[in-house]
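With chain A fixed as given, assemble chain B with the ligands onto it according to the hints.
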Amino acid sequence: MKRLSPFLLTMMVLGYLYLYAPIISLIVFSFNKSRLVTVWGGFSTTWYFKLFENTQILDAAWLSLRLALISATVATILGTMAGIALVRFGPFRGRTLLSGLITTPLVMPEVLTGVSTLMLFLLMAKWIGWPARRGFSTLLIAHITFSMTYVTTVITSRLSTIDVSIEEAALDLGSPPWQVLRDITLPVISPAILSGWLLAFTISLDDVVITSFTNGPGYNTLPMLVWAKVRLGVTPDINALGSLIVGVVAIGVTLSSIVITRQERRREKEIQAALAGEQ
Amino acid sequence: MAETAPAPGAPTDQGGDRFISVRNVTKQFGSFTAVDGVSLDIGKGELFALLGSSGCGKTTLLRMLAGFEQPSSGQIFIDGEDMAGIAPYHRPINMMFQSYALFPHMTVARNIGYGLKHERMARSERDDRVAAMLDLVQLKDFARRLPHQLSGGQRQRVALARALAKQPKLLLLDEPLGALDKKLREQTQFEIANIQYETGITFVVVTHDQEEAMTLASRIAVMDRGRIRQLDTPRTIYEFPGSRFVASFIGSVNLFEGELVRSDGDHAEIMVPDLGVTLRALLRGPLTGKGTLTCAFRPEKVRMTRDKPDGRANTIKGVVQDFGYFGKDSLYRIKLPTQALVRVDAPNTLRGGDDDNAATWEDDVYLSIDPAAIMLFEDPA
Ligand SMILES: Nc1ncnc2c1ncn2[C@@H]1O[C@H](COP(=O)(O)OP(=O)(O)O)[C@@H](O)[C@H]1O
Ligand SMILES: [Mg+2]
Chain A
25 MKRLSPFLLT
35 MMVLGYLYLY
45 APIISLIVFS
55 FNKSRLVTVW
65 GGFSTTWYFK
75 LFENTQILDA
85 AWLSLRLALI
95 SATVATILGT
105 MAGIALVRFG
115 PFRGRTLLSG
125 LITTPLVMPE
135 VLTGVSTLML
145 FLLMAKWIGW
155 PARRGFSTLL
165 IAHITFSMTY
175 VTTVITSRLS
185 TIDVSIEEAA
195 LDLGSPPWQV
205 LRDITLPVIS
215 PAILSGWLLA
225 FTISLDDVVI
235 TSFTNGPGYN
245 TLPMLVWAKV
255 RLGVTPDINA
265 LGSLIVGVVA
275 IGVTLSSIVI
285 TRQERRREKE
295 IQAALAGEQ
Chain B
9 MAETAPAPGA
19 PTDQGGDRFI
29 SVRNVTKQFG
39 SFTAVDGVSL
49 DIGKGELFAL
59 LGSSGCGKTT
69 LLRMLAGFEQ
79 PSSGQIFIDG
89 EDMAGIAPYH
99 RPINMMFQSY
109 ALFPHMTVAR
119 NIGYGLKHER
129 MARSERDDRV
139 AAMLDLVQLK
149 DFARRLPHQL
159 SGGQRQRVAL
169 ARALAKQPKL
179 LLLDEPLGAL
189 DKKLREQTQF
199 EIANIQYETG
209 ITFVVVTHDQ
219 EEAMTLASRI
229 AVMDRGRIRQ
239 LDTPRTIYEF
249 PGSRFVASFI
259 GSVNLFEGEL
269 VRSDGDHAEI
279 MVPDLGVTLR
289 ALLRGPLTGK
299 GTLTCAFRPE
309 KVRMTRDKPD
319 GRANTIKGVV
329 QDFGYFGKDS
339 LYRIKLPTQA
349 LVRVDAPNTL
359 RGGDDDNAAT
369 WEDDVYLSID
379 PAAIMLFEDP
389 A
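In the order they appear, the protein sequences are chains A and B. When we follow the numbering used here, the leftmost residue of the first sequence carries the number 25, and every step to the right adds one. When we follow the numbering used here, the leftmost residue of the second sequence carries the number 9, and every step to the right adds one.
One chain only, chain B, in its complex shape:
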């Protein structure tokens, strides 16, 4: 990478792994804080996801990267260059808008080629690039259609091709699959990941769909009310969420409050009144003893048996209250003697569905939870 003189106040350690650097950025609309002190680094060629529920400030953060909004405070560096005061049309960034924002009066080919008229390239070269983009998104036969003559999925691909045509250093995608139906969405997820891999362009994808973030991204930032709650790989975020909020936002989880009975080095014993038992949990860090202690475990990490298992920790007896059959697995709700409900996800490994051993309504079952599967949170939220 070419050496650029650091802008005033720029950190001196700008490297390839910190292609984008967001430093303590806050955005206020009047008295409302949409983005609150966000800092993050994104590496070159990364596929990064911003995940959060609607209204948490994802689009606002993206618009600050693209230059449509100015941060109220904080700095944004792209490729070592401070972006303050740089207009959107001078940034090496392209964006795919949530609404696609296709030009309604231009054909697909002209939409895709629009950004290229600012590049110094011959007409033939430009046509070649447009053709290559049409190929990439499989819209060769639609080059001369107008946007309103396309389906939602086709429009989405035109928007992607238009944003990619200029071969930007950074591509921002705002809920790129939001308007597509489930099947098309899954297929397009892989296409986007492929295109990212082939072009090597850094992608920042905004989404409120956790599955989408998990499938696409190499790293995810989970946002909530303008703040980043956790920034990690999808696996770490799912298996080792840093807070109760993240644990319940990503996937489903059973949450129960408890009280620490004692801890012996790497294990803790926690009295959980709702479960009516004392749980043994593997400690991954020291407990401070402050705030509410929450025990959490994911439904698929619970083992469910008809017979009382021998020598397993954390065994609880319960009754099947109801269950739903989802094909590849079944979701059970187990009622405990304490009246509390526990969600259990059991895979359907046997074909036929009338497996003698499968639990059904009113059956007595035993649940056991591995101490390593129990997550402990001390956050007040």
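Isolated chain A, as found in the complex:
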């Protein structure tokens, strides 16, 4: 390997520092004994124990997680259906309208989406008596609405790169449309569906703006709680929480890459077996 020139080395270090210094300082200070965030008072894990005693934070985390899981799943189902309709159903009536409606939240300021969703809930409460109070269901609806937009975008861009003739070939071989969807379309776009789900999950997990318009008393999600606490000053338990999240993400990324490499290796073995003519 070629040795890096001093200039390149410096730039590389600076680049990584820029990206990771905040996270590193977060992790380091989460083990700080001192209550003051900026003064190092020795190593301790007290803030982690404090964190797990704090039911407020735990409740918020649990709410965020449930909300993200359910809304990402529903948004993925709806977004995939919308994406397939937009790309595969030809120029049906209302196609432009649907496509516009689906992509608007992508470019609309979040505050506007939040306000208008709130307005809708208020009007609905007045006219049909639901939702009487805002809470989990209103949060869920709002999260599904905006994360579906991202899923649809991912699905449409993937679908439009896939040759329609493979779906036609399945029709030609005797499969009615719903079987073509099950056997061909969905398996082929499954990586896009997975990344759409992950995107929706992440977006739901860290949304503050729309959530703050659509939640009710007692329904604080984790980001909102953090937001509220930080306004009173950064406390070390927030650092501990942040470090935990970084840890979970790192583990998730590592695990998924291990699974992917394993699958690839197994596939390679299968190929070699096939090459050797084994059945």
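FYI, nobody ran anything at the bench for these hints, they're computed from the structure. Take the hints with a grain of salt, since some may be wrong.
Pairwise CB distance ranges, derived in the manner of DEER restraints [said to hold, decoys possible]: (1) A:R206 x B:H156: 21 to 31 Å; (2) B:E133 x A:P211: 20 to 30 Å; (3) A:L210 x B:R233: 22 to 32 Å; (4) A:P115 x B:S81: 13 to 23 Å; (5) A:S123 x B:A92: 50 to 60 Å; (6) B:A92 x A:R206: 26 to 36 Å; (7) B:I94 x A:R206: 16 to 26 Å; (8) A:R289 x B:G335: 43 to 53 Å; (9) B:H156 x A:K150: 54 to 64 Å; (10) A:P211 x B:D387: 46 to 56 Å; (11) B:H156 x A:L210: 15 to 25 Å; (12) B:E133 x A:P115: 39 to 49 Å; (13) B:R233 x A:G124: 30 to 40 Å; (14) A:P115 x B:D387: 55 to 65 Å.
For lysine to aspartate or glutamate, the following EDC-like pairs were computed, each having C-alpha atoms within a straight-line distance of at most 20 Å [claimed, not checked]: (15) B:K174 x A:D207; (16) B:K174 x A:E192; (17) B:K177 x A:E192; (18) A:K293 x B:D149; (19) B:K125 x A:E192; (20) B:K148 x A:E292; (21) B:K177 x B:D87; (22) B:K298 x B:E265; (23) B:K298 x B:E267; (24) B:K125 x A:D207.
Cβ coordinates follow ideal geometry from the N, Cα and C atoms, glycine included.
Here is chain B with the ligands on its own, set in the frame of chain A:
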């Protein structure tokens, strides 16, 4: 063949020799007419070719047979049954796509077996059929590979096997050899013809390659801008093209405009200014005298000699302008005193190539054309 009640408007003379009947079918995309009033009949067990340049509507016609497009007007009958409104998955037809359209996430064996899950057959029977298909296309060792691990030729054979696996009544092949290199293409042409002969399935092959159509098909429909220009056996299309367009589309040809001087029953004399002579041509039908008269002759039908031949009709003197050596024959371009160029194809019958008699640059030569080899067209095109 089982008797089926004719659908409303169906011709009553549906027989084995009219297995597929396309009646006056037109397909429009917006204001653009892709297929324009096409009618043709294809017999059972025939290997039929649709030949035409790119964009002339071949794929569109095939897609209407398969059911992916609905004709804007006209009817399609398959085995006596009107296909209007019948979905692709209910038609007894399979298609091999121009892009092969293999399922990327399925192994070769699962690709081939995919259509069989809709047949009522036991698992073992299905496996046997897949194995037989793999055998047929010589891909036994590749059963568990994924499409992206195959070469172009192998993919082509998987696509063929998949389309054949259901033993359809009709197989549509859209440019089946388009993506293959020349050597593989020639070999595969014979394989396809063999498979067609062995299975007895009716094949409709789309191609833009005239050699491919000639080698494969028992009959060819030549298409141009959505219309069928001629439908005949390969030999008839080559030797007796019905129009100037077909003559120049199939093989190479010398074309010269002329004027009728006189005709005496079975021969005509035509003054051809570009050649500087009056050609004597055998008449195969009466001339109407309307439209531009074109004389055409194929390069290999011209006899080229160094000495003036005696008693031959249609002899023209010229000079060798250039020639290309192609192994089995040489292609000459002969310049006439009128400055016109005539292509002549001369076989290299002597080995060695330095045949004393072979003409070379600047040589004076005499060309003679048999009156029966001259084709006359009156079409304005
Ligand atoms: N779905 C479509 N919409 C609009 N135009 C089409 C469509 N399919 C084909 N065409 C046009 O019809 C003509 C014939 O196409 P095609 O049948 O694919 O030709 P080819 O003979 O090369 O197979 C082309 O000019 C093409 O652009
Ligand atoms: Mg085509």
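For K293 (chain A) and D149 (chain B), compute the direct alpha-carbon distance and say whether it is at most 20 Å. holds (15 Å)
Check the following: the C-beta atoms of R206 (chain A) and H156 (chain B) are separated by a distance inside 21 to 31 Å. holds (22 Å)
Cβ separation of H156 (chain B) and L210 (chain A), checked against the hinted range 15 to 25 Å: With Cβ atoms ~19 Å apart, the hint holds.
Under the criterion that the straight-line Cα-Cα distance not exceed 20 Å, is the pair K148 (chain B), E292 (chain A) satisfied? holds (19 Å)
Are K174 (chain B) and E192 (chain A) close enough, with their CA atoms no more than 20 Å apart? holds (16 Å)
Going straight from one Cα to the other, do K298 (chain B) and E265 (chain B) come out at no more than 20 Å? Judged against 20 Å, a Cα distance of about 13 Å means the pair holds.
Measuring from beta carbon to beta carbon, are I94 (chain B) and R206 (chain A) in 16 to 26 Å? holds (23 Å)
Is K125 (chain B) within 20 Å of D207 (chain A), Cα to Cα? holds (12 Å)
K125 (chain B) and E192 (chain A): Cα distance at most 20 Å? holds (17 Å)
Okay, R289 (chain A) versus G335 (chain B) on CB: inside 43 to 53 Å? Given range 43 to 53 Å: holds, Cβ gap about 51 Å.
State, for the Cβ atoms of P211 (chain A) and D387 (chain B), whether the hinted interval 46 to 56 Å holds or is violated. holds (53 Å)
Compare the distance between the alpha carbons of K298 (chain B) and E267 (chain B) with 20 Å, and conclude whether the hinted pair is satisfied. Holds: K298 (chain B) and E267 (chain B) sit about 11 Å apart, inside 20 Å.
In summary, the numbered hints that this structure violates are 3, 5 and 14.
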